[in-house]
Amino acid sequence: MSEERQAKPPRTEADDNAFKRELVQLIPHLRAFARTLCGDPAAADDLAQDAMMKAWDARASFQMGTNMKAWTFMILRNQFYSEKRRSWRQSQLDQEAAERTLVAVDDPEAPVALDELRQGLAMLPPEQREALILVGAGGFAYEEAADICGCAVGTVKSRVSRARRALHAILDEGAYDRDGASAGDAMRSILADAERLSTVR
Amino acid sequence: MDGDKEPARGRPPRERNADEMIEQRPSPDRTRPSAALDEARLRQQAIGVRLRQMFDEVVNEQVPDEFLDILRRADERGAGNG
Numbered sequence: 783m784s785e786e787r788q789a790k791p792p793r794t795e796a797d798d799n800a801f802k803r804e805l806v807q808l809i810p811h812l813r814a815f816a817r818t819l820c821g822d823p824a825a826a827d828d829l830a831q832d833a834m835m836k837a838w839d840a841r842a843s844f845q846m847g848t849n850m851k852a853w854t855f856m857i858l859r860n861q862f863y864s865e866k867r868r869s870w871r872q873s874q875l876d877q878e879a880a881e882r883t884l885v886a887v888d889d890p891e892a893p894v895a896l897d898e899l900r901q902g903l904a905m906l907p908p909e910q911r912e913a914l915i916l917v918g919a920g921g922f923a924y925e926e927a928a929d930i931c932g933c934a935v936g937t938v939k940s941r942v943s944r945a946r947r948a949l950h951a952i953l954d955e956g957a958y959d960r961d962g963a964s965a966g967d968a969m970r971s972i973l974a975d976a977e978r979l980s981t982v983r
Numbered sequence: 905m906d907g908d909k910e911p912a913r914g915r916p917p918r919e920r921n922a923d924e925m926i927e928q929r930p931s932p933d934r935t936r937p938s939a940a941l942d943e944a945r946l947r948q949q950a951i952g953v954r955l956r957q958m959f960d961e962v963v964n965e966q967v968p969d970e971f972l973d974i975l976r977r978a979d980e981r982g983a984g985n986g
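Sequences listed follow chains R and A, in order.
Each number in the working numbering comes from the position in the first sequence (counting from 1) with 782 added on.
Each number in the working numbering comes from the position in the second sequence (counting from 1) with 904 added on.
Just so you know, not all the hints are guaranteed correct.
[To be verified] Where chain A lies over chain R, by a calculated footprint (3+ residues, C-beta under 8 Å):
(1) 798-807
(2) 831-843
(3) 846-858
(4) 908-919
(5) 926-938
[Said to hold, decoys possible] With a straight-line Cα cutoff of 16 Å, these simulated EDC-like cross-link-like pairs (lysine to aspartate or glutamate) come out:
(6) R:K836 to R:E804
(7) R:K836 to R:D798
(8) R:K866 to R:D822
(9) R:K939 to R:E925
(10) R:K866 to R:D832
(11) R:K802 to A:D973
(12) R:K851 to R:E925
(13) R:K802 to A:D979
(14) R:K802 to R:D839
(15) R:K866 to R:E804
(16) R:K802 to A:E980
(17) R:K836 to A:D979
For the record, the hints were derived by calculation from the structure and aren't laboratory data.
Bear in mind the structure is a predicted one, so any value in this text is a computation, not a measurement.
In this text, a Cβ means the ideal position worked out from N, Cα and C, and glycines have one as well.
Please put together the full structure from these sequences, using the hints given.
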C-alpha cells in the first residue's frame, strides 16, 4: 500500500465523521478477527479496542475510498504481533487460551463437525490459521490477505492450501477416532450442515 | 464354567509402536475417482461454510458499549471541544 506524501487538504469534521462511521461498522469484524488471534474473548476485545484506537489516531494517513477493512485488519494484526514480541511467554499463554476457547463449544445445537473444525483450527500453525481465516472466513482476496500479513501473494496461497489440506486430514482422522460413528456418518453430517447453511445464506 | 472369565471383549489395547504408526495398507478402492474428487471438493466447501459461520458468530454478537464509548471520548478529545 503505497502512500503519497503530498500536501493534503486539511481534514474537516466531515472527513472525521465519515471515517468514524466506517470504522464503527468494522468493529464487529475486528472483534471476530481478534478472537481468532487471541482466543480469549476478553483479551481479544482489548486487542480490537487498541486496534480501533490506533486506526482512529492514524486516520489522517488513511485514504478514504480504499479498503478500510483490510487497513484496520493490518493494524490489528501488527498490534497483536508487536505485543507478542514484547512477551513471548505471554504468547504461549495466548496460544493455550486460543486452544481452550476454540475447543469450547457450549451451543448444544452445534453439530459435531463444528466442534471438530474448531479443534482442527487450533492445531494449525498460526500463520496457516490466520491465512485461512482471512481468506476463508474474512472474505479477503489473496492480494488483500497478503497486504494484511505483509507477505507475498504466493505465500498466502500456499498457506491457505496447506491449511485446507491439514484441516481436511484432521477432520478425517477425527471422524475415524470417534466412537461408533463411521467416517461416512461424519462426512454426511458435515455435508448436510453445509447444505442447510448455504441455503440460509 | 461359571467362574471362567472371558477375555476382555473388544480390541486389544493399542500399542503405539513405530511400526504401527507407519503401517502400510493398500489404499481403499477408488472405483470412481471422479466421485472421490467431488467428495473432496464438497468437503472443502463444507469446511468453508463452517469457517464463515464460526467467524460470523462473533461478527453478529452485539458490540460491547465500551467500544463506542472509547471512540466517542477520543473524538471529543480530538475535537478539543470547549
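Evaluated hints:
| no. | hint | in the structure |
| --- | --- | --- |
| 1 | 798-807 | holds (count 4) |
| 2 | 831-843 | holds (count 5) |
| 3 | 846-858 | violated (count 0) |
| 4 | 908-919 | holds (count 4) |
| 5 | 926-938 | violated (count 0) |
| 6 | R:K836 to R:E804 | 15 Å, holds |
| 7 | R:K836 to R:D798 | 14 Å, holds |
| 8 | R:K866 to R:D822 | 15 Å, holds |
| 9 | R:K939 to R:E925 | 9 Å, holds |
| 10 | R:K866 to R:D832 | 14 Å, holds |
| 11 | R:K802 to A:D973 | 13 Å, holds |
| 12 | R:K851 to R:E925 | 13 Å, holds |
| 13 | R:K802 to A:D979 | 9 Å, holds |
| 14 | R:K802 to R:D839 | 11 Å, holds |
| 15 | R:K866 to R:E804 | 28 Å, violated |
| 16 | R:K802 to A:E980 | 12 Å, holds |
| 17 | R:K836 to A:D979 | 13 Å, holds |
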